[in-house]
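A.B. asks: Here is how the chains run, residue by residue.
Number of protein chains: 2
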Amino acid sequence: MYEMHFAVPMAGAVLNGINTRLDPKTIAIVLRHSETKALFVDYKYMPLAREALRLLMDEVKGSMAAKSSIPLVVVIDDVDSPTGVRLGDYSLEYEQLIYKGDRKFVPDEIEDEWDPIALNYTSGTTSAPKGVVYSHRGAYLSTLSLILGWEMGSEPVYLWTLPMFHCNGWTFTWGVAARGGTNVCIRNTTAHEIYSNIALHKVTHMCCAPIIFNILLEAKPQERREITTPVEILTGGAPPPPMLLEKIEQLGFHVVHAYGLTEATGPALVCEWQAKWNQLSRPEQAKLKARQGVSILTLGDVDIKDLATMESVPHDGKTMGEIVLRGSSIMKGYLKDENATSKAFHKGWFVTGDMGVIHPDGYIEIKDRSKDVIISGGENISSVELESVLYKHPSVLEAAVVAMPHPRWGESPCAFITLKEDSPDHHAVVVTEANIIAHCRKNLAGFMVPKKVVFMDGLPKTSTGKIQKFQLRALAKTLEFTVRETSNQSNREEQDQFRDQHHEQIMASSRL
Amino acid sequence: MYEMHFAVPMAGAVLNGINTRLDPKTIAIVLRHSETKALFVDYKYMPLAREALRLLMDEVKGSMAAKSSIPLVVVIDDVDSPTGVRLGDYSLEYEQLIYKGDRKFVPDEIEDEWDPIALNYTSGTTSAPKGVVYSHRGAYLSTLSLILGWEMGSEPVYLWTLPMFHCNGWTFTWGVAARGGTNVCIRNTTAHEIYSNIALHKVTHMCCAPIIFNILLEAKPQERREITTPVEILTGGAPPPPMLLEKIEQLGFHVVHAYGLTEATGPALVCEWQAKWNQLSRPEQAKLKARQGVSILTLGDVDIKDLATMESVPHDGKTMGEIVLRGSSIMKGYLKDENATSKAFHKGWFVTGDMGVIHPDGYIEIKDRSKDVIISGGENISSVELESVLYKHPSVLEAAVVAMPHPRWGESPCAFITLKEDSPDHHAVVVTEANIIAHCRKNLAGFMVPKKVVFMDGLPKTSTGKIQKFQLRALAKTLEFTVRETSNQSNREEQDQFRDQHHEQIMASSRL
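Chains as they are written, first to last, in my numbering: chain A, 341 to 852; chain B, 341 to 852.
Okay, chain A solo, but in the shape it has when bound (with noise of 0.2 Å):
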């Protein structure tokens, strides 16, 4: 996969990484709608891509298309596991591609920089995959802000955590070799492999979602190793916890909170640090850095503003307002889908879908994904500012809380939690759903005050480790009912219903 972020483009062909953990029908449509010409497999996903194949030939016969709808399919076997699969009658093994290769060739050269060079699917937590295309001048900007703004120096040695297809490695494919480093490449993300690793290799830096932060925090003993030398992280997706941060820097991590979306190349704010904070005490630091930040060197502009006055939001820390973006490293747009797109952008600006405010200091806090906002007797409800509170329990592991329909108040919090396994400080203390609440209520304006805690034994999360709000929702808006007219054990009986569910999908995929 890293070698394919110069070849292809080197080839003039335009690359597209696909989420190892989606579904073959959804690979399949992937397939289908960026009309693939070369589909290169490890051998480890020979089956799902069997399936996807299966499911894209299915679909295309008959059709006149048929047969250059089906591409090419080049099988990478590993040095410790070659397979000697192949897949149908025209596939190549990589190895052998490469020795076919002409050593004269001359790269290609881009004529127009805004040309495309990735593709990137969506996850499609809530839709259709969409395909957003990136140009040669976008994933270039954002290579050079994102080496800027994390201050990676020369040489770094790079742990691949993050997903090369997320948003292209958040383009530190290409900045790891900007850079003149080394990149790292395990297959599992367990705390052995990363521990490991880390040790075995000197890693001065990783990318990674807070998940990450989890699986380091939980390692048993044995599968630690001590961190000598501070690893850099840059981490993304939700913003973490205070708590979590303080005690991953604890750990020899040294963590910079970034902010983006797929749509905007990945990160597009870096929360810069500061020399002074340093002075101020932890967990005052731990606030500081779980704000979004500032714009990232190459972005144009970012901004809050009323979308139904254009107008920016004042610096005051309070007023919230919907994160906009414009610039060169905004995606050109949805493949073949120029009504999306167009809904994308909003009087030049890309509409980003996240509320926050800000600060007078000019750094950005993210508040909630619009969507996500709970609406209380007219009160916006930050569904972030409600989980920072809950992850301050000493027995939460994880918490997410969405809007539950009230008959009274319109919507009210609902609070979903799934507890550590063994809280070291709270060994023979059951931690009920009254516990949650009253330390909410010790913490939280009372109407901000989650009106039901659901017990999970992990939150349903997309592909890339997103806690998936929108099945939560599904859940919740059954819940009111289940409050105020049934049994605690009839509403037990909907969450272990949903809780099978979701471990089915867990393992529909995680057998491909």
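Warning: the hint list may mix true and false statements.
Where chains are identical, the list cannot tell them apart; a pair therefore holds if satisfied intra-copy or between any two copies.
[To be verified] Taking lysine-lysine and the BS3-like style, the derived pairs with C-alpha atoms no more than 25 Å apart in a straight line are:
id, residue 1, residue 2
1, K627, K560
2, K658, K444
3, K587, K801
4, K782, K658
5, K806, K687
6, K687, K444
7, K444, K645
8, K791, K444
9, K791, K817
10, K542, K672
11, K616, K542
12, K760, K806
Read the hints as simulated data drawn from the structure, not as lab findings.
Keep in mind the model is a prediction, meaning the values are calculated, not measured.
Go by the hints and put chain B onto chain A.
C.D. replies: Coordinates of chain B only, in the frame set by chain A:
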């Protein structure tokens, strides 16, 4: 000047940082050629500006455009030295102007990134100054490149020893802002001011020509301050001799060597350091560091070519060719000079006029200015290589080698040397031409040994500190005969005469 780097582009205008060491006549030419609309003058340069404006007025007198050719003048009084002196009826004081400013002013938005942002007149060692035009795009990419190439981290404390009128401070005017840094400006680049400001402000970065190394090394004990944390120096201009590099690093400076020219918006190559080189001996390190290096990240391409065939030279560290550049940060062209512009480019490449080699590791090393190569009996002699040997002599402060006509070999090398005032190691030794020639014979092939050595009290330099080889070449031309046909005495006289002329020039400009 720093504020102008932001205010002028935000006003939609073009910035022209004028070299304050130029004579009034040249400044008048620059003002007229650039059609300057507003002239900002530091109080220190009032006499210079007054004289330049007088010459400009004389020149345009009687022409239709007379009045519009005279710019608005804004005088900048320093806090400690307000003069109250104004130029002309309409001149303003800078703070007055700011006071009159409109707080609601909306900065100009660039419609085309190729629009000019700055004009930088070359110092014109050989001809009338040429106005090099930078685009917004070029300046922007160059700024990012140099932050990246130098690995300048967040919140640098930057000491301005490099004048801002020199390629806009190699774009660090903008770069320091992009990094949220602090600018330390000094009026005089004396050892005392440099050392004391480094100590006072905890300077982390500075750019300078190698001439500053001499200032730092020759400082008297009472002028020095201990360098407690390393100061990063980015240096350009002449390749610094390894000995000099070594000495300056022993003082606590860490040197990165870059190569560039006005037409490339400053540095275009940076000698990127490789961690494995840290294991080499200091002299080996200094040798590697004296190379010009690899292309900055945002430059399209750097190559060394045979201009006749446009073939690239092999990466053998031996085959010399012309260094050529292309990419967005190359100038748009020379203002109102299509002829010079088209001469500067060859088949899409900007021709630097510098000769170099490419080493097997891809690093470029300059061997000479193409016009400085000495061709002796058909052999190319690199004046830079010869100078680097001369600098190894313990008594040599400055050295420059040029071609001297030779009846048999066509050309032969002639060395111009300034000796140190008191060489600690060689207190009682009088250094003679024979000493220098013997030193060269020990270290160089016979044909490369200078046929003539001329001692001077100081080598002639441009206002930006570059040694003016064209002056030395003019002198060397007269030497062939004196060597062969006249006594040492008359040779000495010619040198004295030259020195006097040169001194007068220096005095003429320092009087202003």
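A.B. asks: Need the list of violated hint numbers for this structure, in ascending order.
C.D. replies: 1, 5, 8, 10
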